[in-house]
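Student: Sequence:
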Amino acid sequence: MDLHDLQRQWDTFGETDPLWGVLSWPDKAGQRWQIEEFFATGRAEIAEVLAESARLGLEPARGAALDFGCGVGRLSQALAEQFAQVHGVDISPVMLEWARGYNRFGERCIYHLNARADLSTFPTASFDFIYSNITLQHMAPRYSRGYLAEFLRLLKPGGLLIFQLPSHPRARWRRLIQPLKGSALFRLYQRLRYGQQPIMEMYSIPQTQATRLLAAQGGRVAAVQPNTDADAHWFSFRYFVIKNA
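Numbering (my numbering), first residue to last: 1 to 245.
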């Protein structure tokens, strides 16, 4: 799936069930999320992430933060309670309309549309903290690898990057079909099975490849932790990365 298709899929989620598109708990499908309940999950997640960072001795400066794959602003609103300036980035114009409508922090929380394979909107060394959860898993590795490199470019020296990414599927048959994703045959199968429904495709980068890429871009991988935010079919991890001075 290329970025144009990815944008179209997430615009459709934004038009039909935006909160569930961001946080797809089975019992919340069909617009069952309550707004306060939904945004409370973001506050709880950011509180847990920052507490774990502190436990690891990796507390970031509380200046500028980037929320990559911000959707409707679930996490960027929580980050704005902790950081002086927050920027949320998403590929979907429809999701960003929702995010701007839910924004409680005015110019302290700014949302950006980015449908490019880079983050050239932002200058080098712009952020003290970058966070991305359940976003990179939905894009082909040729894109997620590029964004990981961009995260390291955007971090200030000593800044902290935390992101989640599956390493590989649990089932062998799922591993075998990974190279087929994006092919004409696989796209035909998707059209026949799902019709016009939006699809949350899942992708992965092996942990060893991800850590090598981060190191090559000037990152020090301080911790890698098992993570359950991908669905049960995947081995997923959360990475804590410091930008080398």
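These aren't lab readings, by the way, just hints derived from the structure by calculation. Among the hints, erroneous ones may be present.
Label-pair ranges, simulated between beta-carbon atoms [said to hold, decoys possible]:
| # | residue 1 | residue 2 | range |
| --- | --- | --- | --- |
| 1 | A216 | L56 | 20 to 26 Å |
| 2 | Q209 | G101 | 24 to 30 Å |
| 3 | A47 | E15 | 16 to 22 Å |
| 4 | N244 | K28 | 26 to 32 Å |
| 5 | A115 | L56 | 16 to 22 Å |
| 6 | D5 | T121 | 17 to 23 Å |
| 7 | D229 | I35 | 33 to 39 Å |
| 8 | D2 | R170 | 23 to 29 Å |
| 9 | H233 | D27 | 17 to 23 Å |
| 10 | A61 | E15 | 33 to 39 Å |
| 11 | Q82 | Q197 | 34 to 40 Å |
| 12 | V224 | E15 | 22 to 28 Å |
| 13 | N244 | G101 | 22 to 28 Å |
| 14 | A47 | G101 | 31 to 37 Å |
Ideal Cβ placement from N, Cα and C applies to all residues, glycine included.
Student: Looking back at the hints listed earlier, which ones does the structure fail to meet?
Tutor: 2, 3, 4, 5, 7, 12, 13, 14
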